[in-house]
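Those protein sequence lines, which keep their order, are chains W and C.
Sequential numbering from 976 applies to the first sequence in our numbering.
Sequential numbering from 32 applies to the second sequence in our numbering.
Derived from the structure by calculation, the hints contain no laboratory data.
Each hint should be verified, as a subset may be incorrect.
Using 27 Å as the maximum straight-line C-alpha spacing, the simulated DSSO-like pairs for lysine-lysine come out as follows [said to hold, decoys possible]: (1) Lys1005(W) - Lys1017(W); (2) Lys56(C) - Lys1167(W); (3) Lys1223(W) - Lys46(C); (4) Lys1005(W) - Lys56(C).
So the derived label-pair ranges between C-beta atoms look like this [as the list claims (entries may be wrong)]: (5) Ser102(C) - Ala1233(W): 51 to 61 Å; (6) Gly1105(W) - Arg147(C): 41 to 51 Å; (7) Pro57(C) - Gln1154(W): 41 to 51 Å.
Since we're looking at a predicted model, the values are computed, not measured.
Quick reminder that beta carbons are idealized off the backbone N, C-alpha and C, glycines included.
Here are the chains, one letter per residue:
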Amino acid sequence: MAAPKKNGQQTVWFQNPPVILATATIVGPKEGQGPLAHTFDKVVGDNYYGEQTWEKAERRMLMEVMQTAVQRAGLTPQSFDCMLAGDLLNQIISANFVARDLGIPFLGLYGACSTMYESMAVGAMLIDGGFADYVLVGSSSHYATAERQYRYPTEQGVQRPLHNTWTVTGAAAMVLARQGQGPRVTHATIGKVLDLGQGDPMDMPAAMAPAAADTIARHLLDTGRHPEYYDLFVTGDLGVYGRELAVKLLQQKGYDIANRYTDCGAIIFSPEQDTHAGGSGCACVAVVTCGHLLQEMKAGRLKRFFGVATGALLSPTTTQQGETIPAIAHGVVIEA
Amino acid sequence: MTQNIDSLPAEMQKKQYEQMVKEVKPRPPVIRNIFWAFVVGGLISVIGQIFFNIFQNWGLGRLEAGAAMSSTLVFLAALFTGLGLYDEIAKVGGAGTIVPITGFANSMVAPAMEYRAEGLVLGVGARLFTVAGPVLVFGIVTAWIIGLLYYFFR
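Put together the whole structure using the sequences plus the hints.
Written out as structure tokens, the structure reads:
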């Protein structure tokens, strides 16, 4: 017998769609000068955020949003059945160390920049499956910590190529609950790892766009829905050119979503901020979803969207050994 | 390009996608980059020449003035890296800031600053040459080979 809550090949639907009770966001100074500045809860003055190291600063940001989201939901850490989180750093240290301090049963997840949506999908499954009443999900990234792990020291004089994206500094958290008031997570589409042979670590959007297009097309196929069913399709961090690639790939698959499709990385920075192709990183899709998108929903301008967070599953070692970049994209439907 | 990409064999998909990426990707502004690399790299060299002349005027010989000029440029590059300005100049200057001796200084100071948090020995000490190391290794190896060739064929 087929799994009762499975819809097609990769999509699950929720019988009692979990509620997004509360969210919290925090971003760094550069994001705080961007077009979405007013949608974030807190803008940090400098990248160190009063800590000795950038890693500690990232951790402190994640800790703060987690605590704020818990408070806003009117709960305490003890009320949570599970915490799901992850980040870009080796051994997902930001999430692990925050989990150490919060004391909530913890499952660490890694989907590179798709981690927030991976966490939301798994969290919603835990709740609708009857394994949890409250789940805390969150994710973080930091320009300097990502840069030094994946690329060059930050003060190194390099000319970034125009198709390069800028890792967002920030963190976001979300409280998912079995009952309550708020937007609901109705479906999740779990992505497959795809690799169309792109190997340039400075051009992750090109590696990730096929995964995003695949997950979107698969979701529409699995649910039998038309693109018009959604007010908006949102991808995580494809940036300006990656968005164009995703649109083209979807056209080839027979779907035209160009008029109802935006990318978090393409809107978080303005062109004057000189980030080239836009934003990326775990925090990019996380802070735009928990800030801008859910606020639009609250204001009634957005009823239903399909969010797809993309992740490039590379490491500096695989790049140095000449491997191409596998990528993944997880999708979640959120309805007002 | 109208055929559904999923129905193609994997190698064809990759080729077709590579083509699509090439079309969409912005081309680097090569002419502009070359121009600024020339201007910035040239300026750094002019500054070096000015110091060289100053040191010679102070009575240093050709060799000593050259060494003093190099040390001064290295110091300035290190200072600008520390102040967080060198990478801003490099954003415009590109190769013009990497090729001169200042680029070498920057590539040592940047990791030194970066890995200070991991301690003096395993942080700064071990990582100091992460970027400059390959330059040194292959520079020295080339010098050996040239030296050997010179020894046998002069």
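Problem - Hints not upheld, ascending by number - result: none
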